[in-house]
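Asks: Take the given structure of chain A and dock chain B to it, following the hints.
One letter stands for each residue in the lines below.
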Amino acid sequence: MKKTTAKSKRGKYLYYYLFMLPGLLYLLINNYIPMIGIFIAFKKLNYTTGIFASDWVGFDNFQYLFRTRDAFIITRNTVLYNLVFIFLYTILGIIIAIFLSEMRRKRLARLYQSVLLLPNLVSMVIVSYLAFAFLSSENGLLNNAILPMLGMAEISWYGTPGPWPVILTIVSCWCYTGVEVIIYMSVIVGIDRSLYESAEIDGAGKWRQITSITLPMLKPTIIILQLMFIGRIFHSDFGLFYLIPMNSGMLYNVTSTLDTYVYTSLVRLQNIPMASAAGLYQSFVGFVLVICANLAVRKLEPDSALF
Amino acid sequence: MQKIKKLLAAVLSLMVILCIFSGCGGQPEAGEPDNAGDRPPAASDTPQEIEHINFAAFSYGESPDYPLVIERLNEISREQIGVEASIEFINAATYVEQIGMRLAAGDKDMDIWSPGWDFPGIISRGQAMALDSLLDEYGPDIKSALGDLLYFAPMDGKNYFVPFNSSKRFYSTFICRKDIADAHGIDLTQVKSFKDLAAIFEIIKEKEPQMIPIAQMNGVIISDYNVYREAMPAYDPLGGIPGLDIMGVLTGAEGTKVVNIYETEEYADLLKTMREWYLAGYIPKDAATTMESGSLMYYEGHVFSYTMPETSASSDGPIVHAGLSRVTYDTYVLALNAPVINSSDGYYSLAISPHSQKPEAAMKWMNLLYKDADMVNTLYWGVEGTHWVKNENGTIRYADGIEAGNTGWETPFCWSVGDTALSYAFDSESDDPDYKRKLVAQNDSAPYSEVFGFAFLPDNVITEYTAVTNVIAQYVYALECGTVDPDKELPNFIQALRNAGIDAVIAEKQRQLDEFMASKE
Numbered sequence: 449m450k451k452t453t454a455k456s457k458r459g460k461y462l463y464y465y466l467f468m469l470p471g472l473l474y475l476l477i478n479n480y481i482p483m484i485g486i487f488i489a490f491k492k493l494n495y496t497t498g499i500f501a502s503d504w505v506g507f508d509n510f511q512y513l514f515r516t517r518d519a520f521i522i523t524r525n526t527v528l529y530n531l532v533f534i535f536l537y538t539i540l541g542i543i544i545a546i547f548l549s550e551m552r553r554k555r556l557a558r559l560y561q562s563v564l565l566l567p568n569l570v571s572m573v574i575v576s577y578l579a580f581a582f583l584s585s586e587n588g589l590l591n592n593a594i595l596p597m598l599g600m601a602e603i604s605w606y607g608t609p610g611p612w613p614v615i616l617t618i619v620s621c622w623c624y625t626g627v628e629v630i631i632y633m634s635v636i637v638g639i640d641r642s643l644y645e646s647a648e649i650d651g652a653g654k655w656r657q658i659t660s661i662t663l664p665m666l667k668p669t670i671i672i673l674q675l676m677f678i679g680r681i682f683h684s685d686f687g688l689f690y691l692i693p694m695n696s697g698m699l700y701n702v703t704s705t706l707d708t709y710v711y712t713s714l715v716r717l718q719n720i721p722m723a724s725a726a727g728l729y730q731s732f733v734g735f736v737l738v739i740c741a742n743l744a745v746r747k748l749e750p751d752s753a754l755f
Numbered sequence: 060m061q062k063i064k065k066l067l068a069a070v071l072s073l074m075v076i077l078c079i080f081s082g083c084g085g086q087p088e089a090g091e092p093d094n095a096g097d098r099p100p101a102a103s104d105t106p107q108e109i110e111h112i113n114f115a116a117f118s119y120g121e122s123p124d125y126p127l128v129i130e131r132l133n134e135i136s137r138e139q140i141g142v143e144a145s146i147e148f149i150n151a152a153t154y155v156e157q158i159g160m161r162l163a164a165g166d167k168d169m170d171i172w173s174p175g176w177d178f179p180g181i182i183s184r185g186q187a188m189a190l191d192s193l194l195d196e197y198g199p200d201i202k203s204a205l206g207d208l209l210y211f212a213p214m215d216g217k218n219y220f221v222p223f224n225s226s227k228r229f230y231s232t233f234i235c236r237k238d239i240a241d242a243h244g245i246d247l248t249q250v251k252s253f254k255d256l257a258a259i260f261e262i263i264k265e266k267e268p269q270m271i272p273i274a275q276m277n278g279v280i281i282s283d284y285n286v287y288r289e290a291m292p293a294y295d296p297l298g299g300i301p302g303l304d305i306m307g308v309l310t311g312a313e314g315t316k317v318v319n320i321y322e323t324e325e326y327a328d329l330l331k332t333m334r335e336w337y338l339a340g341y342i343p344k345d346a347a348t349t350m351e352s353g354s355l356m357y358y359e360g361h362v363f364s365y366t367m368p369e370t371s372a373s374s375d376g377p378i379v380h381a382g383l384s385r386v387t388y389d390t391y392v393l394a395l396n397a398p399v400i401n402s403s404d405g406y407y408s409l410a411i412s413p414h415s416q417k418p419e420a421a422m423k424w425m426n427l428l429y430k431d432a433d434m435v436n437t438l439y440w441g442v443e444g445t446h447w448v449k450n451e452n453g454t455i456r457y458a459d460g461i462e463a464g465n466t467g468w469e470t471p472f473c474w475s476v477g478d479t480a481l482s483y484a485f486d487s488e489s490d491d492p493d494y495k496r497k498l499v500a501q502n503d504s505a506p507y508s509e510v511f512g513f514a515f516l517p518d519n520v521i522t523e524y525t526a527v528t529n530v531i532a533q534y535v536y537a538l539e540c541g542t543v544d545p546d547k548e549l550p551n552f553i554q555a556l557r558n559a560g561i562d563a564v565i566a567e568k569q570r571q572l573d574e575f576m577a578s579k580e
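Chains A and B, in that order, give the protein sequences.
Here the working numbering is used: the first residue of the first sequence is 449, the next is one more, and so on.
Here the working numbering is used: the first residue of the second sequence is 60, the next is one more, and so on.
Just chain A, with the same shape it has in the complex:
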């Protein structure tokens, strides 16, 4: 009797494991096996002798990152942009999710949701040309219609660094807020309706319901999402920072991030070890940040910590 239950249990889980297998294999092949290549960052690659037999050069490949002010500029840009993005995605995501969940006509709410999500599905290349349609000096909407209407002088957008932090932030929020909205909405939908009903009976208005029920219930989700963001704070959306400013050199001081820097300086020069060094630096600092953030969360909110 006992034997059969154990067997059927194993049989039951076997299929779950089988279904998991492709995902695990994907992780293994795509994320873990390539980690072996980390050591390339410490080598001077020679193709004749092969990767393994090339000379070790210690930390030489990392030097160029810190050679100029570039390291400071790109680290600053990457971190600051990401902080602003994390903050805005979260605020906008929560606000819009609450608005949508309060809408009485669910069909319309679903339409808005889809419209908000749509930009996320559009390729950055296309987004960059949408931006170009606004910003182009020759035929752009801003220079040819809007600025003259307001009586302002033309601006050479791709040559003026000043407005770019704002432009990139707007584009980024336009592209990515939709995903946040969906995550927060799914949590809000799952909140027990009876909580709201009893709050209403107790005389709580909408605002009170939001601050006392919705937001506290969202807190674990917000924390987890922040943690995941912080883990990626050293990564930047390559398409956003490379394609939207059309890789314009004059904007590098405000648009260069680690990813675009590595690309522009190294892919053209075909220096794989240096590219790996930059990638390793990026991953290492990101890793440290996740550990620290998780430690902090464990102190404040033990239940919400990732591990």
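Where hints are given, some of them may not hold.
As the list claims (entries may be wrong) - Calculated from the model, a selection of chain B residues having no Cβ within reach of chain A, i.e. all distances over 10 Å:
(1) ASP124
(2) GLU130
(3) GLU196
(4) PRO199
(5) LEU247
(6) VAL250
(7) GLU265
(8) SER373
(9) PRO413
(10) ASN450
(11) GLU488
(12) ASP503
(13) LEU516
(14) ALA537
(15) THR542
Stated by the list, open to error - Rough simulated footprint, nothing fancy, chain B against chain A, three-plus residues with beta-carbon under 8 Å:
(16) 491 to 501
(17) 578 to 590
(18) 694 to 704
These are calculated hints, taken from the structure and not from any lab test.
Beta carbons: idealized from backbone N, C-alpha and C, even for Gly.
Replies: Coordinates of chain B only, in the frame set by chain A:
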């Protein structure tokens, strides 16, 4: 019922897994015509052993007639040297990366590949095999066809590449629409310096307001600093590629002293002129950022002119290029300087992979491309009779029903591989059957830069070099398209270059150049 469900689940999950594996296992076949089928089973009918080599070439599209052409090529090479080749086409956009990966992985099946630039880097990374002894033994025709050109990028006294043999006399040229220039009475013979072009643009701007007077090419307006003929009589970028890593150059005014081009008066003057052109509206406002190439815009008809390094031009004045299938109008090509064969003209070459198992056979096959006219013409234009036919005067034309756009053999070989002197001229190019040979022969009369053969290896200063290329990418396009005010930005540029360590790069370049000059004597 339960059992069937379980079975179904098991089968389904198995299928998912299988799908994933089959996705991983498949070899990318795109762009590579089936070349397993055209290898004969074994060399049973020929007495000697036939060797097979593999040539990984770059391409821009499909060549559906590959089986036909390779069969003809192998017929010739089998008979002459007992070697057969298969050609594998790799999309040009990812060629360098793919070759790099295969070399890193130690791919033994690839024998020949075709680098186009960064020769010192290729040698320093060990991506090519030293060819000297192979050339001596199996490459006599390569040596006699190329002469001094063969030694365009030696390192430590060894030679690693077999360059494409064609006219290497590069002019910096101004290319413009003949129909429009003629209609408004523009006389190109009056252009003595590139600055005189402003007067032409003025006319275009007034008479053809919908047209862009001059467009960017490779991100800049004047594609070559060599246009300063008087101030830089023997300009040589010393291996630098415009927009990437032109750092220290020779101007010719100071012998073999390496000079920072960006701090010269000529460069400041070039930027001033470009700024004037930009403010006058001759240059498109988006020139510094657009990714479109000027030549493409020119084909489309929106642009009056652009500049480009070009071999087919003349010091005597403007020449006319007839309209081709893509460009329907005739074109004036005006040389802006005297040509020189310098140390860094884009030499397409062939290299043998360091992992090749049959370097001798590969060298024999390469040698045939500098020896046998049938081989060269088949490689360039396809099979005689099928793709092209001979005219009575010795030139060739496309076979009936075939033109440049629809031939089944469209490859970059005619401008990147082998000896063009052996190839036939198309009747649209010239009536002279010897046209191609004469073009190549011009190399002998062209002046060689005194540092021809020098190749700069940035390994010792790679940190500074990488930092400087970043600064260059940041400033040159905006400055050289006139988008920003040079009075304000040029000093910033020069300072940023200094901070990035350009002086160290130039000092290293000078040291290597001095060594090179000493070894030459």
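Asks: Work down the list of hints and note, for each, if the structure agrees.
Replies: These are the hints, each one checked on the structure:
no., hint, verdict
1, ASP124, "33 Å, holds"
2, GLU130, "33 Å, holds"
3, GLU196, "21 Å, holds"
4, PRO199, "26 Å, holds"
5, LEU247, "27 Å, holds"
6, VAL250, "27 Å, holds"
7, GLU265, "19 Å, holds"
8, SER373, "34 Å, holds"
9, PRO413, "4 Å, violated"
10, ASN450, "44 Å, holds"
11, GLU488, "34 Å, holds"
12, ASP503, "34 Å, holds"
13, LEU516, "13 Å, holds"
14, ALA537, "5 Å, violated"
15, THR542, "5 Å, violated"
16, 491 to 501, "holds (count 7)"
17, 578 to 590, "holds (count 3)"
18, 694 to 704, "holds (count 6)"
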